[in-house]
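What follows is the residue order along each chain.
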Amino acid sequence: MSASPHVAVRNLCVTVRTPEGEPLRIVDGVSFDIQRGDVLALIGESGSGKTTIALALMGYARSGAQISGEIRVGDATFEGSGGATLAAQRGNRITYVAQSAAAAFNPSRRVIEQVIEPALIHGTATAAEARAHAVSLFEALALPNPKTIGSRYPHELSGGQLQRLMAAMALITRPDLVIFDEPTTALDVTTQVEVLQAFRKVVREQGATGVYVSHDLAVVAQMADQILVLNRGTVREQNSVQAVLETPVDDYTRTLLAAARPVIKAATPQVAVGEPLLSITGVHAGYGPIDRNGRAAHPVLTDVTMNIGRGAAVGVIGESGSGKSTVARVVAGLLAPTAGTVSLDGEPLAPALDGRTREQLRRIQIVFQNADIALNPAHSVGEILGRVLRFYHGTSGDQARQGVAELLDLIRLPAGIADRRCDELSGGQKQRVNLARALAAKPDVILCDEVTSALDTVVREAILELLAELRRDLGVAYLFISHDIATVKALCDEIVVLYKGTRVESGLRDTYAAPPFHPYTDLLISSVPELRTDWLTGVGLQSSAPFANLHESPDLCRFVPRCPVAIAGKCDVAPPPLRLMTAGNSVLCHRAEAELIRMHP
Amino acid sequence: MSAASPASPWRGPLTLIAKRVGMAFVTLVLVSAVIFTISGLLPGDAAQEVLGQGATPEQIAALRHEMGLDRPALLRYLEWLKGIASGDPGDSLVANMPVADIISERLPNTLVLAGLTTLFAVPIAFLIGIWSAVTRGRSADRALNLMTLAMVALPEFLVATIAVLVFSVKLLWLPSITIVPQDPTLGEFLRAYAMPVLVLGVGVIAQLGRMIRAAIIAELDRPYVEMARLKGVSPRRLIFRHVLPNAVGPIVNAMALSLSYLFGGAIIVETIFSYPGLASLMVNAVTSRDMPLLQACAMLFCATYLLLVLIADTVAILANPRLRQG
Amino acid sequence: MNVTSILRAVRRLPISGKVGLVLVLFWIAIAAIGPFIAPYPPGSFANEEVFAGSSGQFWLGSDFLGRDVLSRLLSGARFTVGLSAVAVTIAVCIGTGFALMAAVGPRWVDELLSRAMDTLISIPSKIFALVLVAAFGSSLVLLTLIIAITYVPGNFRIARSLAVGLVRLDYVEVARARGEGRLHLALVEVLPNMIKPLFADIGLRFVFIVLLLSGLSFLGLGLQPPDADLGSLVRENTSGLAEGALAIIAPAVAIASLTVGVNLLIDAATQGKAR
Amino acid sequence: MVDLSSTALSRRGLLGGLASGLVLAPADRLIGKPRTGGRIRVASIASSTADTLDPAKGNLSTDYLRHYLLYSGLTQYDSQVRGQPALAVSMETRDNVVWTIKLRSGVHFHNGKAFGADDVVYSLMRHRDAAVGSKVAAIAEQFASARANGKLEVELRLTGPNPDLPIILAAPQFLIVENGRRDFSVANGTGPFVLHAFSPGIRTVVRRNPNFWKPGKPYLDEIEVIAIPDELSRVNALLSGDVQMINAVSPGSVKRVRASSGHAIMETKSGLFTDLVMRRDHPVTGHPDFVLAMKYLMDRELIKRALFRGFATIGNDQPISPLDPYFNPDIPQRQFDPDRARFLLKRAGLLGTRLPVYVSPAANLSVDMGSILQEHAAQIGLKLAVNRVPSDGYWSTHWMKHPLTFGNVNPRPTADMMFSLFFQSKATANESGWNSPQFDKMLIEARQATDPARRKAIYGDMQWLVHNHGGVGVPVFISLLDGYDRRLRGLFPIPLGGFMGYTFGEHVWLDA
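Protein chains in written order, with the working numbering: chain A, 404 to 1004; chain B, 817 to 1142; chain C, 175 to 449; chain D, 507 to 1018.
What the hints contain is simulated information worked out from the structure, not anything from laboratory work.
It is possible that part of the hints are untrue.
[Said to hold, decoys possible] If the Cβ cut is set under 7 Å, some of the chain B residues that face chain C in the computed set are:
#  : residue
1  : V842
2  : T843
3  : V845
4  : V847
5  : I854
6  : L858
7  : G860
8  : L965
9  : L970
10 : P971
11 : L974
12 : I1083
13 : V1102
14 : F1117
15 : C1118
16 : Y1121
Every residue, glycine too, gets a C-beta built ideally from N, C-alpha and C.
Please put together the full structure from these sequences, using the hints given.
Right under this line is the structure:
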């Protein structure tokens, strides 16, 4: 038993049918073994077949797909009989943690019912035993209120909590094999660390064999023993984590590794001189009806101020819910601020679209994150770009066609693409077109809202490259919004950190290389996984927040409930001051510069 | 994210429902105005219809005066509105009876027919919808699909007529008109209602079955279903425990529309089976220009529709923890 | 768009979709050329015998007045297909137009239109049509308008929910941020993306209209004689049903094949989209 | 001295009245002995919330049916539409103006009250009270006064001579109610059945009146009257055994009913007709050539054959049917002659005229007649547009209000009523707006004539006048078709309406 691997896959192929009815292999001749107690990472970009392989281990293929080849997990095989099939082991001996727990939990059932359901339907425990086991798993996974958290509904819980609850569900039957399918991709970095640590802890405690599917090498480095690099359904390289990270043999692996270490793209950081091009001053904004005090029912931004110089690139970083996208919407005029102003070249802009001139609108362009919904699928690329040319510049006919061709050239796409519809393009191509639409206006500033977040690492690299080039060649300024500090550092000269709608820190890029930081910035930076296997062990989880139970107040520092260094009698009573650090960055904190430096681990 | 609202857990749904009720009242008043306006455009009036072919102008004028039809329309409308507000829909112009009495005589008939049809059709619709959804794209689904299509596509009066010819006239199994004897036995009762329920049921089953199929299929594509499959959940448990609770919203909505159709739209079935329900009462009110009765029927249909939609929304809200908790 | 892509789309249809397509094309052709190939004028009393069976002279026999069933069927199909098509077009233009107004317009426009449509939808459609026909008469034009109005609210509901969903999408936001007017947003950004799901609704609504029209004919509110839509043909010949007269079977089959055909085609087309 | 149709009443000797229905019924229907017991359900064509228990308000056939079940009249119709004695045992007059009506004794209302002269005076004179809303108020205008002479005699004085009074009083509206009765939420009559249940627009259930004044009658224990407006449903209900008798069977359904071994059709030839009304006050339809052309354009044979399957009698553009004793058989039958119609129209310069013709289901088969007329007109170059309008509102808003409409005239018991209601210049329902002083004069003359032969001659001439100059085209007289369960016995036609002139209740029995 110990001699043979726990999982053995030989020549696995998965075939689907194209809309034209032709067969297409999305997994082609994949073979690997996993020893009992080991974690194998399947890594690759979207379309590499990594999830398909993971699902095949459960004898499961998404609709219309055909599995062939040999798969053995423990005693069960794909084509086995009775209880010895992979399908019969689903949820029992083999379990699964899905990518988006928010979507994979049934929204209308209480979490605990779902967590213990596998144990009940497979008869591995009574309801009472399963509940007790679940609570112990919740504890092990560092979930708050482990006894009661299960009685809540999925929508009442955060993404990180759900992801851990899903892990508990996967472990409730004490399985032999757990499949993690991109379990942290949808999470904020700060949450990701906690979840990864919880996962690693329980996997080790349970001694389960694991398959970890991810596109993120740094994450995989923390979790896996072995790495299988996949590209378009074939194996490019299989080796231990250490070996893959340090001595990759395959070109593709090297590309992946390179993309995972973004390099700084900006040519020369330009320091804003004189009047800024765009200035955002004391902006408050929110959604819902506005009350008598001029405050929105659901306030998002509180007193946000930042300037963007001509040709500058300012990054805005924060986790989900930080209000970073709202900044772009306010600047673009899509959301009128409840207070504060946005000025262009010193001239205040009307709060809403209606009051702005076409010229003002032209000078500020916005690019959204998801090109799938940012480009109208009913129009061709030429129509989308042509419309902007006609709208702002009155170009039409041959001139417009010429203009479209020039734009496509600018974003490195062939001119022939103008006649195609967006849904015929790849993700990267779409994002380029998305960008070109903004460029067509010949704007002074482009608001980039998470434009690289939905892309694979390699494609992301290329888009960042393009953005840097365009800035250099056209002198256009960026307000670059992202949740990923590495991306922002790669492109921007100046970075603003938002937390729950307040600007907690701002400064030039270089000030983010070393402390002093705002405690939240510190957490953000230290949460980014690094390409070394011992990173997760090294990162100290600052779980001790003295004011964890303090209710958030708009007047106090919003970060207090999570802050490990909050000061009693200060942070919980008075609004924090804005301190200018010697490096030039300003930080919204009660702690002085020296304290902040000292506190950095 | 984990925002547990400090207010009562019922505040969210209650304000939502209160808002709906308010809108329903606005709609009711609008309906009454629309009906009153349109009915003003109908040729002839109740006096002429009552007196018929041989009436003299003097007789008509006298009756018109007696019925109060010689007063301005707006005045009559406002008076009617006042009456309705105090719960009195007035007297029928034609039958010399309070409208409330006439309606209360027919209402149970309509409710029984609609109720029986619901009891008959809804389970079958669920069966068809679920079966069709789980066999999506396979031959069972295709066959069911074709069947429900044919059921939707045939005019109701044709279905009714053919059913009567087959079951009543040729086979003598079932009565061709719906007359319920006084104090019927269960057998008599079911026999009397078999035909109209069958005919009405055909349309409802087909419509609702297709809606249920669509609602389930929409859910089947969601990630939690795949997750449940990967947990080893059996197909039956998958549908009943996982999918249906989430598909409740669109399904109850479709059911509300079907029920409101059964309540007011059964005119053809009522005609063919000579069944004294509310739809034929309203048609009767139109043809006899009995405005108070017409208005009352329209109000009733509209109120029922709004009520059913409200119930459907409420059920959907209660079934959805996110909405339930505001 | 072009011929080859249409052909390719046709080839991709499942068998049921192809059957549906053939039926739909057949009825469109009949509606277009029917009256020209009819052997007799639809109103002429060509046969002494009423409810005659099929013969060389009268392929589908004669009706309750001894008129040629085939000729009446050919002209009836034109009315049914034509009237339903026009009515559905009007209904969809108004319903979708309102829906777009509600979606891109200010909130009060949405509230106002939604209330108005709720008002219309809460009155049972057959009774509503009946009152309107009683009030305004049932000439071809009025009948078309009345049927169209009856189906506006249904289309509005669906189109509005589609449009409201689309208006929130980023590409509409981008166009708005660009400074585009509401008309552009509605017609260029939103409308083209509603067409596919709307097409499914249009098809279903077409079927409902055919059925409503025959229901109205049943209640004696259909077209003016001697014109008759397919439903009226069934209705006026019901006395022949017991003897199995072709005069009633033929138009009944015609209605069924038309509505089933349209549904099959839509089903196939929308399922193709989902895949 | 008295009018032909009232002779039966004037001869006291014959008036046993015990079984007048039996005596008058055709012999072949009477094979087998009447049997008491059983319940049946009958379906009429229409009912609505306007259904009433007040005979004066009776408007629809279902009302007549209900009222004849519950109430009795002074006289009642026989199969020749003569007025036979009922609650009156005799009606005597010298001048057709003052009538002495002797009443039957020992008759009781359903509530036990004895029937007497006061009830008759009240029942007759209440029609003159506008508040009652009587449907026959116009006819009752001729009742100058009524006076009770003791308990069982009434003297009725008319405003002018009317020899037809015994026939008129058999009409359903003149059924006798209790003196002073205003509340008609219940029915208290002297009729063969007692009200058991009544829901307007839904049903009427009546049960045998054990104290009915015709001993032994009625035979049935219970009759339920419902309405099934849809003809096909009505026939189906008969064939499926849900009802035992229906009226207004369409000619197309006769074959089906006859094919069933348990069911039969009773044809009642009647004076009912649907007529094309051409208004005099319109330049086109008032043109004599146009009127004549339209009469020639009526394909009566086709209408009889296709629309009525032969269950009709060809009409001759005048309202007196061949059934009527006053029918004039000497007027030559007008034939379908499109050439002549074309010639007439051409002569009048009216070819190519466009005219709408209003038809409605309210006027029996006018929709199909209109279609036929339109088709034939089109062939000679006259463009008629058929404009079908719903039944409701037809009589008040369309009939007689457009140049070309269709009317529908129910059988009337007397020629006088027919002429005075529909052809007299001043009549409200003078459909075509015909104005012939000569005709009006002859109408009065006939009323005053005491010699039956003289009246017949005058009525004959009046038929000539209408045939030649009247503004209506009468294509056919329509037979009334009842369908019934063969076990139902004792039926015979009374030409005033289906269901034996709506009086079938007291005559029929159910064979076991």
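Evaluation of the provided hints:
Evaluation of the V842 (chain B) hint against chain C yields a held restraint, the C-beta minimum of about 6 Å falling below 7 Å. Interface restraint check: T843 (chain B) against chain C, minimum CB-CB distance 5 Å, threshold 7 Å, status holds. Annotation: V845 (chain B) was flagged as interfacial toward chain C, and the flag is violated, the nearest CB pair being 9 Å apart, outside 7 Å. Hint status for V847 (chain B) relative to chain C: holds, with the closest Cβ pair at about 5 Å, below 7 Å.
Evaluation of the I854 (chain B) hint against chain C yields a held restraint, the C-beta minimum of about 6 Å falling below 7 Å. The restraint placing L858 (chain B) at the interface with chain C holds, with a minimum CB-CB distance near 5 Å, inside the 7 Å limit. A distance limit of 7 Å between C-beta atoms decides the matter here; for G860 (chain B) the minimum to chain C is near 10 Å, and the interface restraint is violated. A distance limit of 7 Å between C-beta atoms decides the matter here; for L965 (chain B) the minimum to chain C is near 5 Å, and the interface restraint holds.
Interface hint status for L970 (chain B): upheld, as the beta-carbon distance to the closest one in chain C is roughly 6 Å, under 7 Å. For P971 (chain B), the interface hint holds, the least distance from its beta-carbon to any beta-carbon of chain C being 4 Å, beneath 7 Å. The criterion of a C-beta within 7 Å of any C-beta in chain C is met by L974 (chain B), whose closest approach is roughly 6 Å, and the hint holds. A distance limit of 7 Å between C-beta atoms decides the matter here; for I1083 (chain B) the minimum to chain C is near 5 Å, and the interface restraint holds.
Among the interface hints, the one on V1102 (chain B) holds; its C-beta lies about 6 Å from the nearest C-beta in chain C, closer than the 7 Å criterion. Look at F1117 (chain B): its Cβ gets to within about 6 Å of chain C, closer than 7 Å, so that hint holds up. This hint holds: C1118 (chain B) has a C-beta 4 Å from the nearest C-beta of chain C, less than the 7 Å allowed. Hint on Y1121 (chain B) holds. Least Cβ distance to chain C is approximately 4 Å, under the 7 Å limit.
Hint check: violations occur at hints 3 and 7; the rest are consistent with the structure.
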